[in-house]
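Quick mapping for you: the protein sequence lines, in order, are chains P and F. So in the UniProt record's numbering the end of the first sequence lands on 194, straight run, no missing numbers. So in the UniProt record's numbering the end of the second sequence lands on 652, straight run, no missing numbers.
None of these hints come from the bench; they were simulated from the model. In this text the structure is predicted, and so the values were computed from the model without any measurement. Even glycine gets a Cβ: it sits at the ideal position worked out from N, Cα and C. Hints are not guaranteed to be accurate.
[Said to hold, decoys possible] One-sided and incomplete, this derived list gives chain P residues near chain F with beta-carbon spacing under 8 Å: (1) A25; (2) L39; (3) G111; (4) I114.
This is what each chain is made of:
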Amino acid sequence: MSETPATPPPARSRRWMLYAPLGLAAAAGAGFWVMLRGLQTGEYDPRGVPSALLGRQPPDFTLPPLGTLPPVTVADLRPPLSAPILVNFWASWCVPCVVEHPQLMRLTRDGVTILGINYKDRPADAQAFLQRHGNPFRKLGTDEPGRVAIDWGLYGVPETYLIDRQGLIRWRFAGPITPDVLDKDLRPLLRRYA
Amino acid sequence: MIPELGHFALALACVLAVVQSVLPVVGAERRDARLMGTAGPLAFGQLVAIGTAFGCLAWAYLVNDTTVSNVVANSHSAKPLIYKFSGTWGNHEGSMVLWVLILSICGAAVAAFGRHLPTALKARVIGVLGWVAVGFLLFILFTSNPFTRVWPPPMDGRGLNPVLQDPGLAMHPPTLYFGYVGYAVTFAFALAALLEGRVDAAWGRWVRPWALGAWCFLTVGITMGSWWAYYELGWGGYWFWDPVENASLLPWLAGTALLHSAIVVEKRDTLKVWSVLLAILAFAMSLLGTFLVRSGVLNSVHAFANDPSRGIFILVLLMVYVAGAFALFAWRAPRLSPTGIFAPISREGALVLNNLLLCSIAAVVLAGTLWPMFADILTGAKISVGPPFFNTATAPLAIPLVIAMPIGAMLPWKRADLWAALQRLWWAAVAALAIGFVALVVAGYPVWPVLGMTLAAWLVIGAAADIADRTGLFRRPAQAWRRALALPRAAWGAAIAHGAVGISIAGVAGMGVATDTLVQLEPGQSTRLAGYEWRMDGLSDVTGANYRARRVTVTVLQDGKVVTVLTPERRTFIVDNQTTAEAAIHTNALRDLYAVLGEERGTAAVLRLHHNPFAPWIWFGGLAMAFGGMLSLSDRRMRVAAPAPKAATVPA
């Protein structure tokens, strides 16, 4: 291959290649559009993986108690349940947990059962946290090694699961339950599964 | 009053940008010298208006004006002055103002330095820059107004993320933005060429300084970001293949390819369609990064707080610019017929190989970055693409690229003798293999670091061989010095930049044999790591300007002699009660000793200790690459933009 004349002006058959970047950009744009719409409707959430446990029973576990509260056991989550239950993973060292705490307190006052799992925390710190901010939990277990969290596929703390009356996980929310999330997501779900 | 002035200046800039995007372009179409003449003054006016807006915002930050909601959300009176100033761009709204400020600086620079540009090309370039400015100014004015007031004003601001209170990070965004926005200029050149229907050697010569300048800034920006992650995030890593990091790497890869293909356009008058496409791609990648970071479609430690309405606005901008440019490309590119001739074994052939490999790497990184998001919407599958994918997918492309680099630099234009080039490099190859052998047998490195060291040595020695060859160091040593001084700076710059890639690769290879340990030490206790004795001497309290800290003193000894005293800290920022880990690093240019304070248990401290061989070379190499680029930029041929009469007269 010595000096070959340069490619002639693109023939008609190769013109389509010049449209390839446009096509790719349009496809990417359409995809981004779907993502942005999904962000607003909640169908697309880059913050973590939806739980593989949705629609299934939570995995078995036993946890040591914290303080004087009765410990959470898996029996508390097995049917029949009189009302949907929330399971909340939290820690005293977690700042967003402080943000969501008032919403948990409000839910408890409204009669919703919340079971707490204290994640990778020191018992003394956890109790100090509850003394200072109030205790929204009916029952409480400590998962200091974080083993139960692994079984549940925890994304981080705080994280909340909704378990319906048949004992199936219906909703998982990674991140603090802000007043907005409480009103727009959680309350309708609690009504639906009541 | 000052914030209103800033808001007004932004609106004025937007109006000027509209005028700038119409008059010069219409003038260029009609060959109307008066309309084309408006380009320069409009570009300068734009700079004045946006400069005023930026100044007003900076002023609001410096005096801690708590009636401005942006200041309240991101600043605090107790913050050191420099971070009050850098807080101006440490948030979404302010960083967008900085973005358009840099765009207007580039526009004014085209107007000021483009005296030798043909009037019509210059008018079109400045017009296209106006199009870009209109979109982003509208974005700021409608979705991200930094001058919104709050009433009644709060007592004080809510502070700035303490992780961001760092001198490296204060300078990181402006540097990166100069890189991103610099590609807006090459994009404008590409679009102007498409509008004109002509790309010639002169076009390549005008585009190159902009591509090179943007590339230098982007290189420094990425280097700083990586260094910041290394010492501030306290993970001991330097590159995480995080989507936001990839977003800065993508324009760099496309820009590096453009840098090289523009040389071919200039010297050989071919690869025109390809270079125009690369110029569009480089800016498209910059915009894609902006979209990913600011729209909320991905989750990253670097992402800004988000709002979907902004995301849609940026997506529309992205589509208008990128899809619009690609449509123009598809329509007009057939006119850009190549006139040069081409042989596979030649300098231009090597540069094509460079382009193919760089673009393949970019495609892999792009696919790996976007695939999880697209898999989510297409199949609902949640997957994560992590470092293992990127490392294994880019290595087979990067290795041939690195092997070809010194050879390509040795090949002459038009038609080359590959064997002759290899003969001039044989001693570099032997030396590189010897260094690989030393790493394997003497140092006992595993296979990847050995490969890395060999390639690094090949690049550094290959670059030295190139300079030795050009100066005739071995053939006529007496004249070598004189010839070295006479060598064009572009040749020195290219050799330094290529060698610097090798230095960075050596650093990366060194990190491949880094060791670390997690220990709990009582005062007086010590541990051993990498031949050093690390002794924990005690914990103490420290008070800084706006934080309190716990500091641990670690004395590092070797053979009983003190090497250094490391004092890593955990800082708690008083205003927002956030905690950051301050790593303590001691470097002697060959290795880093790196310590991070974890939690405390009674009087004991949990410490993470790292020994990172060659780590500083990663960032030194990055800076040296940018230095090479700057040296090349200062070449006389870059500044005197007189188009070569015909590149074909250059002897092969």
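>> Restraint: P:I114 near chain F, CB-CB cut 8 Å. Satisfied or not?
In response: With Cβ-Cβ at 25 Å, over 8 Å, it is violated.
> Would the stated hint for P:A25 survive a check requiring a Cβ distance to chain F of less than 8 Å?
Replying inline: For P:A25, the interface hint holds, since the closest Cβ of chain F sits about 5 Å away, which is under 8 Å.
>> Under 8 Å is the threshold here; is the Cβ of P:L39 close enough to any Cβ of chain F for the hint to stand?
In response: holds, 5 Å
>> Holds or violated: the hint that P:G111 contacts chain F, with Cβ atoms closer than 8 Å.
In response: Violated. Min distance 33 Å.
The structure shown violates the earlier hints numbered 3, 4.
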